[in-house]
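Peer 1: Grab the two chains, each in its own frame, and use the hints to assemble them into the complex.
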Amino acid sequence: MAEAPAGDAVTSLGPILLFSAFVVATCGLVYELLAGTLASYLLGDSVTQFSTVIGTYLFAMGMGAWLSRGVKRNELAVFIRVEILIAAVGGGSAALLFLLFDRVADFRLPLYGLVLLIGTLVGLEVPLLMRLLKDRLEFGDLVSKVLTFDYIGALAASLLFPLVLVPQLGLIRTGFLFGLANVAVALGLLLMLPARARLRGELAAGIIVAAALVAGFFGAERLQKLAEVAAYQAPVIYAASTPYQRIVLTKAGDDLRLYLNGNMQFSSRDEYRYHEALVHPALGRVARPAHVLVLGGGDGLALREILKHPGVEAITLVDLDPAMTRLFGRSAMLTPLNQGALTDRRVHVVNADAFVWLRANRRQYDAVVVDFPDPTNFSVGKLYTLSLYRELARAIAPDGIAVVQSTSPLVAPRAYWTVAATLEAAGLVTRAYHANVPSFGEWGFILAAHRPIGDAVRLPPGLRFLTAHTQAAMYDFPTDMARRPVEVNRLDNQVLVRAFDAEWSRFEG
Amino acid sequence: MVAVRGVTGFDLDRRGVMIGAGALALAGCAEGAIPGTLAGADMARGHLLRTPFGDAAPAETRRTGIAILGGGIAGLAAAWTLAEAGYRDFRLLELEDRSGGNARSGRNAISAYPLGAHYLPVPNAEAVGVRHLLDRLGIITGWQGGKPVFDPYQLVSDPDERLLRLGRWQEGLVPSVALAKGDRAQIDGFFAAMAAFRDMKGRDGRPAFAIPMELSARDPELLALDGQSWTAWLDAHGYTCADLRAHIRYVCRDEYGTEPGDVSAWTGVHYFAGRRGDAAGDGDAVLSWPGGNGHLAEAMAARVAGHIDTGHVVGAVNATGAGVVIDALDARSRRRVRIIADAAVVANASVDRLPAGPGAALAWDNVSATSNSLGYVVATHQGLASVGGPSVLTWYLPLSELPPAKARALLQARPLADWQRIVHDDLVMMNPDLAGAISRIDVWRWGHAMVRPVPGFMWGSQRQAAARFVPPLFAAHSDLSGVSIFEEAHYRGTLAAEAAMRHAGFAHHSLLAA
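Sequence lines, in order, name chains R and L.
First residue of the first sequence? That's 1 in the numbering used here, and the numbers climb one at a time after it.
First residue of the second sequence? That's 510 in the numbering used here, and the numbers climb one at a time after it.
There's no promise every hint is true.
Here are a few chain R residues that face chain L, going by a calculated C-beta distance under 10 Å [unchecked claim]:
| id | residue |
| --- | --- |
| 1 | S241 |
| 2 | Y244 |
| 3 | L320 |
| 4 | V497 |
A few chain R residues that face chain L, going by a derived Cβ cut-off under 7 Å, partial list only [to be verified]:
| id | residue |
| --- | --- |
| 5 | H348 |
| 6 | N351 |
| 7 | D455 |
These are computed hints drawn from the structure, not numbers from a lab.
Idealized CB from N, CA, C, for every residue including glycine.
Pulled out of the complex, with its shape left as it was, chain L reads as follows (with noise of 0.2 Å):
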């Protein structure tokens, strides 16, 4: 056991660490017929934090100018922010065996697939830092007209999404056929509200809904949404046609991992409104790789290498006068218990060939209206050979029907075997011709995939109490955003890491000014 006692450090990622932003990666054991492997969410590491470290003298004591706890997208995102300003002198504690958090990746013999989150929309113009990050790897080719030019390789290639509905695909996710004439009313009268708050403008100039959404406009009719469930404001206005409700219930799973009335209005309508991707081509693009955002966390954690210790637990945070006395070890730890938490379930199956279906044409994301599942992303989407080969589906759950508890107790509790067969049944339910085609399902367990936007938490005190930093203390999460997407993760840590460098006099030119 190593204990690693950092003096002058600061906390950048306290939530994320203290209440565990990762899971750990348990090589599973193949059972059943399909070959695969359970992995994911591991209680077992822990265990470790729940005996204090005691007193024995730890065995090598470190010094460090910043210490980022948590090597997710905010850490990592803090680290690159460092690196960017010329700061040196700082470490990444991260607890799992790898970096990346929610947006990690595993690879097999066909291709790299994602463990989490997979995309990253064209970033709107508020989302500097991002945009900063996707110019220094390349991701934006060039500028035209003050708009960015993104790499064609990376857009996500026509067709991105269909839909499985009434027995046929569709292309796009919102149900545009044979509906009746009221709903398809409904649903246009809907985007087009959802539209209007997109281009609304608060009185202090700002965005009604922004990413990141700390740059929202603080309006308080505005912000009175947050105090009102998704569902009641989606009553109150008459959008109740099944195939609406529906198509917003998947949104708020996808994005969420949780269900419409455990969502507040202001997130709710913040999905449909906070996008205005700011592009030299289409702005509604979507940026993803084999690997999903892997690509991005792995890119992020080349450039600060030397920088970070994996398979840290970091037992106890201390600030002193002098700093902060951080106590950690490299063995295996067990999250707490969130407060605010959700279970979901990734899995990779690999098939030996690409399911087609009657209707659109296969996509790079294919969602059945049928199904509880949020559909599978087709991983070698962006590949670029002519003829489809084997491939990686990457199937989601979100088991956002359970008490989180429930969820995570289900989580621990089903073997690999059933569920293989559950997401061998939604793909041969959604794809009949996947029959026979499926060579392996490897099933990863997310105890906590995101945050969950329930009414009051946005702009409550208490999210805003919890980003409030207390130097020499800089908390940095997606969490602290209510909403658990790369952008949000980025900007928390590219905040975090500049109000540390300033904690230590140390100047920089800010990725975040426009």
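Just chain R, with the same shape it has in the complex (with noise of 0.2 Å):
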């Protein structure tokens, strides 16, 4: 490090000195509602997660205020060291925040080390500036200059925060932007100094911090994707890692969502229209549905709607992920949205992969709900193979049907209609069917059976979206999505990941 500037050249600073006290203030702000927004969003519950963030950020910079008795000298150099420390950390927070979400067994240790790190940076700004000013101005001026401005820049704050920087440029720019005003200072102030006080070291600091954050700005795109959650359109009030995935929660307003690594599973507002038409098509053609098995659908929707069938006796539902039936069979958020389904003496629930336990299976159901992710990858693209579906036909009862969720003939006619070819070289009998969804858009499911799938179908009472009428028009498919010649989806070819990947890549651009 360099020798102090003389103080002749601090008396020279006086106005951008000042000016500082101003871009201080506004950083200073936004670093704090960076992290009670990020707090809110990633944890829920803003009125809490807002009050502990604002007064650990208060107390930290009480300790920074109280730390700075011990700069004794060379008050200029320290505060440009904490401008360039603060736009690091500051700067690069709502980014660090976003990248450890995932990553940590609890967040909130990160969240408030950082949130008390910069809060005492933070703190030892104002009073190393008043003691940088106090040869130039006397007492009661400087206290009432620093402290307006100091006011100011948190007023400008404060309101560019909701209604500019959060639309425009989202949490990760934002905080590389200010703190790209932070090193800004301490640049400025460097470069003001006369050549002989030039601190060098701080000047490289600088210069490699701010080269950081301009990258973090415009990179701030890729960093958003590493950042999982930052993708999500909504509050994540719940985000949990199980060995099998990745399973979160949003909530904006009355909407909430699940999302299962990344893919919507259900928006609750229109779930119904999905799960009614999943379920209804194929128990409403079972004479009598007394045993019915589930394979997916951990969110026990579907079981809802099957539930709803006088004759049902028993459903066994067959979910990969314990924890997935344990949030859905417990948590008060959730058992209204599913109407307690999972913990009904009906269901019996097996928590296995659906592929070896049907392999095992011996048992014959009157109906089948077939409710898996979409064939995203190789792994889950099994769950759609022929193979499996002679599994299946073992599993249906002579007069049984079963129903297949197979993703979207609109978007990916291929896709669908390879489901539909792969349930026949089992042997089965199909008929396809579509609704919308508007989460989703045009959903697409494939009845199968041993024998011929007839028109008639008995709804329960009580339902939203399908009536006789609506019913049977699923069955009705337009030019845009009929059906074409597709080959059948095999383990050892996976045509139906190819396809399911194309036509939706496609679709999203």
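Peer 2: See below:
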């Protein structure tokens, strides 16, 4: 580090130091707002999050102010160092917290650690500034001016943050931008020092931090992708990694959404459309659906619909992830959605891999509801192969029926009809239909049975979507979704995953 | 020490035992940071072969109609053939503690995994014996229009192969992306030429390149390819592009454990032109199991379980007027150095999570264009679980760049920790996401992994003389085919067993008859 600058150099910096007070105050408040917003976004319960973040932050500022007494000389050099540090830590805080969210056991640890660190550094700023200006201004004037700029800066931040920054730049970019403002103060001061008093080490550090912040600002999009939670449209109210998948719940108003590995599974606004369309065309065709099998569907929403049929005596639900069935079986926020179906005495939950379970199964069921995730990868793709459908065929009673959720016939017609062709190759008779689920789009299902599938369907009372009339219209396929020739999906060719990927990536651009 | 003196035996697998087909599992000790064991080819057991058994009277004398020496695939196929024919009076003497030879498998808490051979392509129509075996084992589930239907659970699931090249994974092992125009034309030209060889028939009506190789056409211009090295043939035909040659080198090291310059052009073409997989579905498919071909070896061994004597070292085989006298002991033996031999290392790395990487998704067989290893196969690939958990990656490295003697010396000298570091670094180089996920590396050394089909070996007099039966001794080993693959070992074993039964006057139906 270079020698401390001479006193007269400091005196000449008066106006820029006062302007720094404004910048520093704006940045300080922005970091506080970033932490508060992030905490309520990722952890939910915004009142608690904002209160605790603000409290911690103010307390840390107090610590910073107290620590400032330990600075005996070289106030300008220390101030510049503090600015560079705040630029690095505060500027990168949003990006860092997003990246850490799903990688640490307890998110609150890094969150409050960062809040304490930034608060302490910010707390150092104003006392140092005042001491730097003490020889230039009379005490009353000094306090008045510094605090005026400080509070104006705070107002600027609190207005800019919700109105401009978050909507235009997003949280990660906002952080980097204000980090740049902090480092600009440091660099500005450094450049205005007379050449003999230059602090070379500080200058180098400042330039490196500035470069990193610029890179971060422009690379924010990639960072955002790395930080999956930043991709959700609404505040995350629950997130957990199980050995099998990542479960995320978001909530905006009355719209509760479930994401598995980043793929939306339902939106509480229109899931009834999906689940009524999934369950009733199949169950309504069985004279007495006493024994029902559900593969997948750990959210219990399909169960809720199945239980509306009076003849149902026993339902076996096979879902891979115990964390899913536990969450949807117990959480007070979620059980109203599935009406406690997972804990119904007629429901037997098995946590197993559906393919392995089905291969070992020797029972037959009157109705089978197959509600697997979309075939986005080769592992899930196995659940849509000829081999699985042969096992499925064994599990369907002679007069029974199965239904398979099979992606969108509009977006991915080849993938959709591959499911039908594969079910048929397993010796089953199929019947295809589709329904509109706004949050998914036009969605497709396929019925499969040992005998021809007729038109007659008995719908239970109390449905919100299906009527006899709408139900009957679901079997009509317009030209753009019409059946086309496709290959059978086998374990050793996995044509479905390839078709699905090609069609959806074209759709999503 | 127990000596077994069998009278009226037949040496079915002379080379396999006299020269040693197998390797001894030595329980290694865990060293270094990564847990694991070092096992494989050990020369200690064979030291006993150096000292004659002496004149001491054998502790025990057993009589048997047919003795099979060596329990690799050839020996097991011979035993299976005898059992199928209803011939009961036979013993199989195996040097190792477990039969299976190169096709043995290992197992840990996560999965079974291969120690050597790890797959069997859908066999050609002419591989009658193998098809019979697969039918009996239920791997062929039925027949449609004369073509076998294979159990889909035992065919390798898609995606089957991927190659790491230019920093990205691509599907398939032949370089297919970011190729110069001329290179692409050369690669296409090469595969078209190989397809022409594949469809070619000799003047005798046989396929130009058959599996088993013994059934190939004998046209002199085809056999002449055996006199030339594969490299020389490729150069002469202008197949010089680096990406193509890298692929061909990979294939040679994978299939023959050797460099393209050390195999004959006939053998080189045979790899690309010999396969005409015959199936009701996809004939290019491959069969595999978590334990690799250990699955087949175990199924064959189970059929003849009561006839196998493991841990028996055959010291002397003497044909007498009455038959054959075999001196064997159950202690440790030493292999004699092979004339044609190579060395390889197979490592099994237990991983907490499956690797991914940019580009094509994880496949069964994963190869890097820049690594000297043959890449890795995923033992749990055939599992049905839809979510990847811990797995075992089987990693292969042929020591093809060293002369055989040096390679074997290196095998003996290099400590476990060094092998583990090599395996670890290679895996992490291919898949940086595996860093920290490798919990254990078990290393298996093969002093002799595969026969090395040097120019002139396939159709030269030496191999053909060795393959000739000299009753009452009937040699059977995949080395007699010059190619160390399951179908060849199986063919040799079956052929020898049937010749032995004919010699013994035992009526049977041939498993090799179409």
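Peer 1: Could you run down the list of hints and mark each one as holding or not?
Peer 2: Cross-check of the supplied hints:
| no. | hint | result |
| --- | --- | --- |
| 1 | S241 | 12 Å, violated |
| 2 | Y244 | 5 Å, holds |
| 3 | L320 | 6 Å, holds |
| 4 | V497 | 8 Å, holds |
| 5 | H348 | 21 Å, violated |
| 6 | N351 | 12 Å, violated |
| 7 | D455 | 34 Å, violated |
Violated hints for the displayed structure, listed by number in ascending order: 1, 5, 6, 7.
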